Amino acid sequence: MKIINERTQAIIYGRQMKAVQRMLDFDYVSKREIPSVAAIVDPTREGFETAFFGSDEILIPVYRTIADAVNNHKNATVLINFASYRSAFETTKEALDADTLKIIAVIAEGIPERKERILGALARKKGKVIIGPATVGGIAAGRFRIGNAGGSIENIVASKLYRPGSVGLVTKSGGMLNEMFNMIARNANGINIGIAIGGDRFPGSHLVDHLMGFESDPEVKFHVVLGEVGGLEEYKIVDALKNGKIKKPLIAWVTGTCAKVFPSEVQFGHAGARAGAEKETADAKNNALREAGAIVPDSFDGLPEKIKEVYEKLKSKGEIPEIEEFVPPAVPMDFDKAVKNGIVRRHRQFITTISDDRGEEVKYAGIPLSEIIESGKGLGYVIGLLWLKKSLPDYASDFIELVLKIVADHGPCVSGAHNAIVASRAGKDLVSSVASGLLTIGPRFGGAIDGAGHYFKEAKDRGMSPAEFVAYMKNKGIPIPGIGHRVKSVRNPDKRVEMLKEYAKKHFPKTEYLDYALEVEKITTSKKENLILNVDGCTGVLLVDLMKSLGLSDKEINERIDAGLLNAFFVLGRTIGIIGHVVDQKLLKTKLYRTPYDDVLYKLPNKADL
Amino acid sequence: MAQRGIREYDAKRLLAKYIEKFSDGKFHYKGEVALITPDYSINDAAKDNPWIKEKPLVAKPDQLFGKRGKHNLVLLNADFETAKKWINERMHKRVCIGKAEGELTHFLVEPFVPHKQEYYVAIKTEEEGDRIYFSDEGGIEIEENWEKVKQFFVPILGSVSDVDFSGVEPLISDFIKALYKFFVDLDFTYLEINPFAITGGEVVPLDLVARLDDTAYFWNKDKWGDIEFPVPFGRNFTKEEQFIRELDEKTGASLKLTILNPEGRIWLMVAGGGASVIYADTVVDLGYGKDLANYGEYSGNPSEEETYLYAKTILDLMTRKKDPHGKILIIGGGIANFTDVAKTFKGIIRALKEYKDKLIENNVKIYVRRGGPNYREGLRMMRKLGKELGVPIEVYGPELPMTRVVTLALSGGSNENN
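Chains as they are written, first to last, in the numbering used here: chain A, 1 to 610; chain B, 1 to 418.
A couple of the hints might just be wrong.
As the list claims (entries may be wrong) - BS3-like, lysine-lysine: derived pairs with alpha carbons at most 25 Å apart:
| # | chain 1 | residue 1 | chain 2 | residue 2 |
| --- | --- | --- | --- | --- |
| 1 | A | Lys-279 | B | Lys-99 |
| 2 | B | Lys-85 | B | Lys-116 |
| 3 | A | Lys-340 | B | Lys-85 |
| 4 | B | Lys-353 | A | Lys-279 |
| 5 | A | Lys-337 | B | Lys-346 |
| 6 | B | Lys-239 | A | Lys-260 |
| 7 | A | Lys-340 | B | Lys-150 |
| 8 | A | Lys-340 | B | Lys-21 |
| 9 | B | Lys-343 | A | Lys-337 |
| 10 | A | Lys-260 | B | Lys-67 |
| 11 | A | Lys-279 | B | Lys-67 |
| 12 | A | Lys-389 | A | Lys-315 |
| 13 | B | Lys-124 | B | Lys-250 |
| 14 | B | Lys-384 | A | Lys-279 |
| 15 | A | Lys-279 | B | Lys-290 |
| 16 | A | Lys-390 | A | Lys-505 |
| 17 | B | Lys-256 | B | Lys-353 |
| 18 | A | Lys-18 | B | Lys-343 |
| 19 | A | Lys-260 | B | Lys-99 |
| 20 | A | Lys-428 | A | Lys-389 |
| 21 | B | Lys-256 | A | Lys-125 |
| 22 | A | Lys-236 | B | Lys-124 |
| 23 | B | Lys-256 | A | Lys-260 |
| 24 | B | Lys-124 | A | Lys-125 |
| 25 | B | Lys-290 | A | Lys-260 |
| 26 | A | Lys-93 | B | Lys-239 |
| 27 | A | Lys-2 | A | Lys-315 |
| 28 | B | Lys-221 | A | Lys-93 |
| 29 | B | Lys-67 | B | Lys-47 |
Think of the hints as simulated: they come from the structure by calculation, not from any bench. As the structure is a prediction and not an experimental result, all values here were calculated from the model.
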């Protein structure tokens, strides 16, 4: 049995769900019976993750430590380490200590060379294989995929990676793996196994280490090597060729021959890709390989032909078996991708018309938040966008802020603040205490804004004269909402109402409902001094005037009144005060409130009367 | 990224700071060094370092090249005024060191120390461990006297305390051990002091070359302090190269440009680090190295705007001067893993459209080869563009070997109808 076979399972270090899904998709097209991912390690959170195995959704356990994952999954022989360059050393070392793990792929780029050398030496000492660091990994065709190696599933299928071919491939560069897979699939029968050892100067395993593995694998018929300028990797292959350890045909190319036309020392993308001495140049290495008996083309461009030649030659000698081809099952398309490509559609469960957080930044009624902030607009403007879907002129947005300031608080005795204080003193948290206060807002507390808006608007729209309206309400036995105050009167006017009226008269284009309400007030105050238009009433009619000024139709205004929007201004404003009271109580560390007995009139029925 | 050379000044500064610690107080080095730059004159340095006016001085360029003595670029045993004049005469002077030509901008100044014996020490990293070279006959003739150099090996999983230094005087071997610990702890990848002198506990490194592993920055930033990794001597960036370097630094993607021959006919714009080297190789391998204008790479999923700016820079460079044989632009790449090919082409197409007239004037022929996610759409966009622009564009996918477009381009041939 090969070390990597169709039952090989891996532990993934790092919650890399895309890589996990790609491995499982590879499993599916390769017709693996069991998923290649056994478990995930995430030091921050344990539990389960879900992923698709074909159309099936499977659960993958997540552990906090490598030790836990290893203990629960003794069958897993591979660890794919997605840890960052900062923690890859410690985690790889830990994995090397786990007896059941035989192969460790290290993806991180930028691990210091000393740490890499220690890992390499430890792996050799323990007889384990490190693939990487700084690699995408590799693929054992039809059996096992390391993480993201091989790219998209379309490429896996196009390069026939779902079933083993006859070529053993090893490269330094992970970026060139796909290209080589494609080249080998087009010019031979595809790879049997393909590994990128990574571009660092001291990789955990070497080109030659993998070639020795291919050499002893009867399914691999010939080798393809893609080396790179810098380092002495390729000379180990030269030695193995010279002393007969590599007997199968070997096609090789070392990239970086262009370095000689550069004006001074160049560091290509890979850390190891720098020729420190003549011996490390691509030309020197290509020549040494050629002299040792490797098949080396004149340029990379000659590689496909060499592969084809060797393949055809071995085939004509009968050394390459016929592969039983099959059509790999198609991986079901992910819903997100299908949506993106316009292939599927469905009814939405939710509709929103006010804000959108899907783009670069959130938009309120279509306007990006940064634009609102940068133009210096205030809170009133934001409320206009989110509650009325209107870009408010300054007078309107300032009016809303005026209303909020006016209703923000009215002392501790009103029902909202009182309830909040009682709840807070009972030890409830801020949100519960605030909610407890807010829940008292209704027809008798604060809620008169809605009622005033509703009744005054209806009366005026129906063409009732103020006198008719007062009579109508009296007949129905309903006190007019927004009329009357406990202490304020015509001669002792409410300062808040004065401010609202003054503002509206000065800034609103029209105040028809306020004017109507003031006519009504004249009639009611003639009956009783304190039947004035109170702050709720004034706010209610002015909000109607405001909506009218902003161009909302009567129907639109009525819908908003029915939805409770006018009251919302009170709810929002008073929340400020209630929060203040709750915080105040918490800081004062007040104790549980209990209404004293002498505040309660106890009048129970007599037992005999029951 | 990898091993990077540092200035002699920085290496000596680090040695002065740490040698005491790693030798348990046995060795000291005062670290009287100053770095003179265009913005920090020797007068400025004299204010910060009183010894400059008090001691005889050594001055030499500190720009990552060696053999300064042979190039007559070392001043020995000079007083302040002489050193000042010497540096002023050489500041901003262009010199040739081997193949590299560049401007002198950084000079090291330190006290001149008369000494009798010159030692040589170097530490190199190898896969299985670190190799220490030592000779008690150091100096410029070290290579001629290489047979006298002793070698010691510290296995990567081993310790320097277990190394047998017999044959080296105890004082010197103690210093080597301390130096080795310094080397390991600060993640050096190469350190050579040739020569150095020791009197009592006082170490005098006369000439020093060092490289650090810059990937270890995360662990060493405090120890290294304000370290600089200068570009190799002779790497003078053109305005365009500098622009791409700055673009590269600002993004998570990778954008690289090296101009090899601004009048070259063959221009490369290749996706992927591995592939970009191979395209340049192929041009050189086919014997057209002198016509190769640039080495160019974009990868790591650059944005449309970034690829646009990158492409624009190359198009601008390649259409400055006409060539009687016309020019070739190769937009190449291997098979991408997950990058959306069509998306990365959008920025390139925008730039090509902008340069339509110049491309026609310069008789530019374009060859495209790319594979990977959504490549068919990308190639379709390129073919369509060819028709719109009136510039010949040959477009290929993974069916054509990656570098075959280079052969096609150089022979002026086409494979498109095959």
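- Holds or violated: Lys-340 (chain A) with Lys-85 (chain B), Cα cutoff 25 Å? violated, 70 Å
- Query: Quick one, are Lys-279 (chain A) and Lys-67 (chain B) close enough, alpha carbons at most 25 Å?
  - Reply: Holds. Lys-279 (chain A) to Lys-67 (chain B) sits at ~22 Å (cutoff 25 Å).
- Message: Can you confirm whether the C-alpha distance between Lys-279 (chain A) and Lys-290 (chain B) stays at or below 25 Å?
- Response: holds, 24 Å
- Query: Taken at face value, is the distance from the CA of Lys-315 (chain A) to the CA of Lys-389 (chain A) at most 25 Å?
  - Reply: violated, 74 Å
- Query: Taking only the CA atoms, is the gap from Lys-279 (chain A) to Lys-99 (chain B) under or equal to 25 Å?
  - Reply: At roughly 19 Å apart (the allowed maximum being 25 Å), Lys-99 (chain B) and Lys-279 (chain A) satisfy the hint.
- Query: Is Lys-18 (chain A) within 25 Å of Lys-343 (chain B), Cα to Cα?
  - Reply: holds, 20 Å
- 25 Å Cα cutoff - pair Lys-343 (chain B), Lys-337 (chain A): Between Lys-343 (chain B) and Lys-337 (chain A) the Cα gap is close to 16 Å, so the pair holds against 25 Å.
- Message: Check the hint pairing Lys-390 (chain A) with Lys-505 (chain A) against an upper bound of 25 Å on the C-alpha distance.
- Response: Measuring from Cα to Cα gives roughly 22 Å; hence the hint holds.
- Query: Does Lys-260 (chain A) lie within 25 Å of Lys-239 (chain B) when you go C-alpha to C-alpha?
  - Reply: Answer holds: Lys-239 (chain B) to Lys-260 (chain A) is near 23 Å, not above 25 Å.
- Query: Given the hint that Lys-256 (chain B) pairs with Lys-125 (chain A), does the C-alpha gap stay at or below 25 Å?
  - Reply: violated, 40 Å
- Task: Please work out if Lys-428 (chain A) and Lys-389 (chain A) have their alpha carbons no farther apart than 25 Å.
- Result: violated, 36 Å
- Distance restraint between Lys-353 (chain B) and Lys-279 (chain A), which requires alpha-carbon spacing of 25 Å or less: violated, 45 Å
Consistency with the previously given hints fails for numbers 2, 3, 4, 7, 8, 12, 13, 14, 20, 21, 26, 29, ordered from lowest to highest.
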